[in-house]
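Chemist: Listed in order, the protein sequences are those of chains A and B. According to full-length UniProt numbering, the first sequence holds residues 1 to 409 in order. According to full-length UniProt numbering, the second sequence holds residues 1 to 409 in order.
If you are wondering where the hints come from, they were derived from the structure by calculation, not from laboratory data. Warning: the hint list may mix true and false statements.
If several chains are the same, the list does not tell them apart, and a pair holds so long as it fits within one copy or across any two.
Claimed, not checked - Computed list of lysine-lysine pairs in DSBU-like fashion (alpha-carbon distance at most 35 Å, straight line): (1) Lys384 <-> Lys73; (2) Lys116 <-> Lys27; (3) Lys21 <-> Lys84; (4) Lys230 <-> Lys21; (5) Lys54 <-> Lys384; (6) Lys302 <-> Lys116; (7) Lys341 <-> Lys73; (8) Lys73 <-> Lys294; (9) Lys197 <-> Lys73; (10) Lys73 <-> Lys27; (11) Lys21 <-> Lys285; (12) Lys73 <-> Lys332.
There are 2 protein chains.
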Amino acid sequence: MTAPFDFAPLLAPGTPAPAAKWNGFPKYNFIGGHNDAKNVPVQALIDAATAVLKREGATLATYGLNSGPLGYKPLREFLSAKLKDHAGIDCASDEILITSGSMQGLDLINSLLVTKGDTVIIEQETYGGALTKLNKLGANVVGIPLDHEGLRLDVLKQKLEELRQKGIKPKYIYTIPTVQNPTGAIMGEARRAELLKIAAEYGVMIFEDECYSDLIWSGKRPRSLYAMAKGEGVIFIGSFSKSIAPALRVGYIVAKWEILGRILGLKQDAGSGALEQMVLAEFCKQHFADHVPKLNKTLAAKLQTLREALAEQFGTDAEFGDPEGGIYLWIKLPDQVDTTKLAQAALAAGVSLNPGQEWSTNKEYARSRLRLCFANPEPETIRKGVEVLADVCRREFGVPLRSANVEKK
Amino acid sequence: MTAPFDFAPLLAPGTPAPAAKWNGFPKYNFIGGHNDAKNVPVQALIDAATAVLKREGATLATYGLNSGPLGYKPLREFLSAKLKDHAGIDCASDEILITSGSMQGLDLINSLLVTKGDTVIIEQETYGGALTKLNKLGANVVGIPLDHEGLRLDVLKQKLEELRQKGIKPKYIYTIPTVQNPTGAIMGEARRAELLKIAAEYGVMIFEDECYSDLIWSGKRPRSLYAMAKGEGVIFIGSFSKSIAPALRVGYIVAKWEILGRILGLKQDAGSGALEQMVLAEFCKQHFADHVPKLNKTLAAKLQTLREALAEQFGTDAEFGDPEGGIYLWIKLPDQVDTTKLAQAALAAGVSLNPGQEWSTNKEYARSRLRLCFANPEPETIRKGVEVLADVCRREFGVPLRSANVEKK
Numbered sequence: 001m002t003a004p005f006d007f008a009p010l011l012a013p014g015t016p017a018p019a020a021k022w023n024g025f026p027k028y029n030f031i032g033g034h035n036d037a038k039n040v041p042v043q044a045l046i047d048a049a050t051a052v053l054k055r056e057g058a059t060l061a062t063y064g065l066n067s068g069p070l071g072y073k074p075l076r077e078f079l080s081a082k083l084k085d086h087a088g089i090d091c092a093s094d095e096i097l098i099t100s101g102s103m104q105g106l107d108l109i110n111s112l113l114v115t116k117g118d119t120v121i122i123e124q125e126t127y128g129g130a131l132t133k134l135n136k137l138g139a140n141v142v143g144i145p146l147d148h149e150g151l152r153l154d155v156l157k158q159k160l161e162e163l164r165q166k167g168i169k170p171k172y173i174y175t176i177p178t179v180q181n182p183t184g185a186i187m188g189e190a191r192r193a194e195l196l197k198i199a200a201e202y203g204v205m206i207f208e209d210e211c212y213s214d215l216i217w218s219g220k221r222p223r224s225l226y227a228m229a230k231g232e233g234v235i236f237i238g239s240f241s242k243s244i245a246p247a248l249r250v251g252y253i254v255a256k257w258e259i260l261g262r263i264l265g266l267k268q269d270a271g272s273g274a275l276e277q278m279v280l281a282e283f284c285k286q287h288f289a290d291h292v293p294k295l296n297k298t299l300a301a302k303l304q305t306l307r308e309a310l311a312e313q314f315g316t317d318a319e320f321g322d323p324e325g326g327i328y329l330w331i332k333l334p335d336q337v338d339t340t341k342l343a344q345a346a347l348a349a350g351v352s353l354n355p356g357q358e359w360s361t362n363k364e365y366a367r368s369r370l371r372l373c374f375a376n377p378e379p380e381t382i383r384k385g386v387e388v389l390a391d392v393c394r395r396e397f398g399v400p401l402r403s404a405n406v407e408k409k
Numbered sequence: 001m002t003a004p005f006d007f008a009p010l011l012a013p014g015t016p017a018p019a020a021k022w023n024g025f026p027k028y029n030f031i032g033g034h035n036d037a038k039n040v041p042v043q044a045l046i047d048a049a050t051a052v053l054k055r056e057g058a059t060l061a062t063y064g065l066n067s068g069p070l071g072y073k074p075l076r077e078f079l080s081a082k083l084k085d086h087a088g089i090d091c092a093s094d095e096i097l098i099t100s101g102s103m104q105g106l107d108l109i110n111s112l113l114v115t116k117g118d119t120v121i122i123e124q125e126t127y128g129g130a131l132t133k134l135n136k137l138g139a140n141v142v143g144i145p146l147d148h149e150g151l152r153l154d155v156l157k158q159k160l161e162e163l164r165q166k167g168i169k170p171k172y173i174y175t176i177p178t179v180q181n182p183t184g185a186i187m188g189e190a191r192r193a194e195l196l197k198i199a200a201e202y203g204v205m206i207f208e209d210e211c212y213s214d215l216i217w218s219g220k221r222p223r224s225l226y227a228m229a230k231g232e233g234v235i236f237i238g239s240f241s242k243s244i245a246p247a248l249r250v251g252y253i254v255a256k257w258e259i260l261g262r263i264l265g266l267k268q269d270a271g272s273g274a275l276e277q278m279v280l281a282e283f284c285k286q287h288f289a290d291h292v293p294k295l296n297k298t299l300a301a302k303l304q305t306l307r308e309a310l311a312e313q314f315g316t317d318a319e320f321g322d323p324e325g326g327i328y329l330w331i332k333l334p335d336q337v338d339t340t341k342l343a344q345a346a347l348a349a350g351v352s353l354n355p356g357q358e359w360s361t362n363k364e365y366a367r368s369r370l371r372l373c374f375a376n377p378e379p380e381t382i383r384k385g386v387e388v389l390a391d392v393c394r395r396e397f398g399v400p401l402r403s404a405n406v407e408k409k
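With the hints as constraints, model all of the structure from the sequences given.
Modeler: Here's what the structure looks like:
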């Protein structure tokens with residue numbers, strides 16, 4: 001009975017390829033939402049864990065602590081206050097569902113609304129994970145191009161009209177209006193108001209992803225779409241991954257109870273991890289307001305390090321903006337550079353990057369674009385990593401033309 | 001734009017009913033896998049959190065810490081050693097995938113193997129959550145009756161033969177061989193060997209759920225099916241929910257890499273919560289071996305309290321065994337009692353219970369049976385709760401006949 005068992009014929013159709021074995025992080029790690037290690041508030045997290053466990057540790061004996069399936073109530077109460085202050089959102093703690101990361105939020109909302117063949121509207125350049133999930137569901141994904149403020153509403157309106165002519169109502173418009181991923185764009189309030197007007201006109205729901213909205217250098221941000229619409233026709237998701245630590249898998253959904261109750265009915269996981277919620281709530285009540293600006297200062301400096309290194313190594317061959325927040329930079333290389341191929345060659349040299357095509361519905365447009373995340377590597381690693389990347393790029397594609405080493409000496 | 005938005009037409013087909021608002025736990029809580037609150041090792045968890053965060057807190061800045069997507073390596077190493085000692089399993093830490101509770105394990109394994117119309121074999125009485133998930137997937141669920149040692153192999157063999165005649169190969173045989181849920185049965189090694197032989201003969205995979213296997217009064221248990229088959233044709237899941245605390249959502253899958261790599265490819269959640277994994281690993285290395293016997297002593301005493309209370313209140317109208325482990329008792333009431341109706345009436349009186357039909361594929365057999373979980377309520381609450389339950393049962397169904405109050409005085 002210990003002969004090898006062939007399980008392959010048992011696999012459900014469409015099962016993805018097996019994962020590769022993990023061999024550690026690359027030396028120059030410019031992918032994923034990893035964050036700055038020195039800004040993890042270790043001692044404050046220890047203090048928070050100690051205090052909350054001493055006070056409420058015995059409640060770990062029950063699923064959902066004493067808070068029920070929406071998640072640890074003090075964390076929802078903190079969020080209710082924070083969302084009011086930061087994003088202008090009026091929501092009760094019972095209009096917030098804690099999720100195991102915002103990725104579970106994406107899954108739950110898709111599970112509620114999207115089935116094979118459904119149409120959804122997203123930003124042409126968007127979070128790769130959202131794109132992967134929608135493709136796996138067999139959704140018809142319509143990408144709308146972006147400008148410096150995000151979603152181009154002229155194209156959106158035209159697409160909605162085209163779809164209406166065909167009798168198609170999209171399930172939602174997925175947008176990251178505040179520090180867009182990957183472009184870093186922040187949508188102003190006037191455009192937000194116009195977007196809400198168009199969505200209402202076509203009766204389409206908005207799915208607002210605010211995972212990065214705490215990371216704004218100025219600390220000031222427009223009101224969220226959810227706030228401006230008073231929650232009508234908008235589902236909102238957020239996360240602590242970017243503002244505190246990504247390995248803590250804690251995200252949240254904000255929605256009116258009519259929708260949230262439905263989403264909760266789909267969340268068949270016996271609750272999200274309680275210890276992370278307890279420690280976060282305890283930490284955030286005291287320290288969130290101070291922690292985030294400190295983190296942003298580090299991130300803003302790392303962004304400038306990355307921009308300088310790119311300018312130094314690539315010269316005018318790399319085009320990029322100066323985003324006002326976030327942890328990534330969206331970069332255009334010369335047309336002859338296929339960043340999917342570049343990513344493979346770079347990885348062999350220890351540099352990981354997100355090729356544009358994984359982050360866009362417009363494969364041609366994204367072909368020579370890439371995303372670099374700057375939050376995790378230390379400044380010296382950023383500089384060295386960009387140097388290695390430029391070398392690989394020169395070897396594989398003949399650009400950048402100038403040799404950085406010569407220029408620097 | 002703040003007019004009410006009607007999202008109902010957007011729902012995906014088959015969306016379950018909205019969740020009800022949570023109103024706190026019932027006074028006499030005999031459902032769910034809740035555990036004994038006094039046995040939550042609060043101070044040791046604080047010490048563990050302090051030590052591990054001090055040493056490795058900065059690694060929270062990266063998804064997956066420094067351990068990759070399988071989960072925190074020291075926890076997998078602890079499990080590898082524990083599974084060897086307790087269950088006889090030889091597995092490397094890279095053959096273990098940490099999941100967000102064992103429910104995610106169920107979901108991932110189903111997602112790998114089961115699609116609408118597929119046949120799966122399960123124990124006739126089984127974990128209600130597993131049953132719900134399979135029904136939602138549209139699987140053809142074949143229940144095999146149980147005896148005092150679990151799965152009846154004569155019926156299993158007959159069913160497999162019938163299916164073979166029809167050209168149907170089941171995707172797996174789902175079994176909880178060690179402290180079966182809900183019957184508490186423990187399958188002996190001889191029957192395990194025979195089960196493996198039959199499974200191999202029909203080329204069917206075994207899905208072994210060991211979520212309760214730490215909770216055995218004697219501390220001694222048969223080797224796991226996974227161990228006996230050297231992992232060939234068996235997928236194994238386990239959990240810390242029952243041995244440490246259910247609100248910590250940490251489970252695990254053990255499988256050969258050919259299967260585990262596939263499952264990992266499906267786990268698109270950016271990892272399970274890191275803090276819980278870190279704290280558990282730190283705690284378990286030092287305290288697991290001492291903690292579990294202490295917990296078992298409490299649970300064994302609570303079981304006897306429940307059995308005594310049932311005997312006192314129901315007399316011979318309640319039939320039940322004396323399980324050698326676990327946190328629940330499976331009870332037969334007189335035929336005229338429909339436990340689904342009893343559950344509703346009891347809840348109104350503050351007593352929650354699991355009606356048998358939710359825990360069985362044989363609705364007629366399970367109609368007058370129920371599951372009571374005894375781990376969470378204190379002994380006095382168990383006694384009082386059973387008294388209230390007997391009152392409700394008498395009022396609704398005329399049994400138990402004798403009045404406990406009279407007998408006791």
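Chemist: All hints, please: hold or fail.
Modeler: Right, here's what the structure says about each hint:
Proximity of Lys384 and Lys73 under a CA criterion of 35 Å is satisfied inter-copy only: 29 Å between copies versus 45 Å inside one chain copy. Taking identical chains as interchangeable, the C-alpha atoms of Lys116 and Lys27 are never at most 35 Å apart, the minima being 40 Å within one chain and 44 Å between chains. Within a single copy, Lys21 and Lys84 get their C-alpha atoms only as close as 43 Å, which misses the 35 Å cut-off; across copies the closest is 23 Å, which meets it. Taking identical chains as interchangeable, the C-alpha atoms of Lys230 and Lys21 lie at most 35 Å apart only when they sit on different chains, with a minimum of 21 Å there against 46 Å within one chain.
With identical chains, the CA atoms of Lys54 and Lys384 are at most 35 Å apart between copies only, with a shortest distance of 30 Å across copies and 45 Å within one. In this assembly of identical chains, the alpha carbons of Lys302 and Lys116 never lie at most 35 Å apart, being 41 Å within a copy and 50 Å across copies at closest. In this assembly of identical chains, the alpha carbons of Lys341 and Lys73 lie at most 35 Å apart only when taken from different copies (32 Å versus 47 Å within one copy). In the homo-oligomer, the alpha carbons of Lys73 and Lys294 lie at most 35 Å apart both inside one protomer (27 Å) and across protomers (31 Å), since each shortest distance falls under that limit.
Within a single copy, Lys197 and Lys73 get their C-alpha atoms as close as 34 Å, which meets the 35 Å cut-off; across copies the closest is 50 Å, which misses it. For the identical chains of this complex, Lys73 and Lys27 are inter-copy neighbours only, at 20 Å across copies versus 40 Å inside a copy, given an alpha-carbon limit of 35 Å. Within a single copy, Lys21 and Lys285 get their C-alpha atoms only as close as 39 Å, which misses the 35 Å cut-off; across copies the closest is 26 Å, which meets it. Proximity of Lys73 and Lys332 under a CA criterion of 35 Å is satisfied in neither setting, with 44 Å inside one chain copy and 38 Å between copies.
The structure does not agree with the numbered hints 2, 6 and 12 stated previously, though it agrees with the rest.
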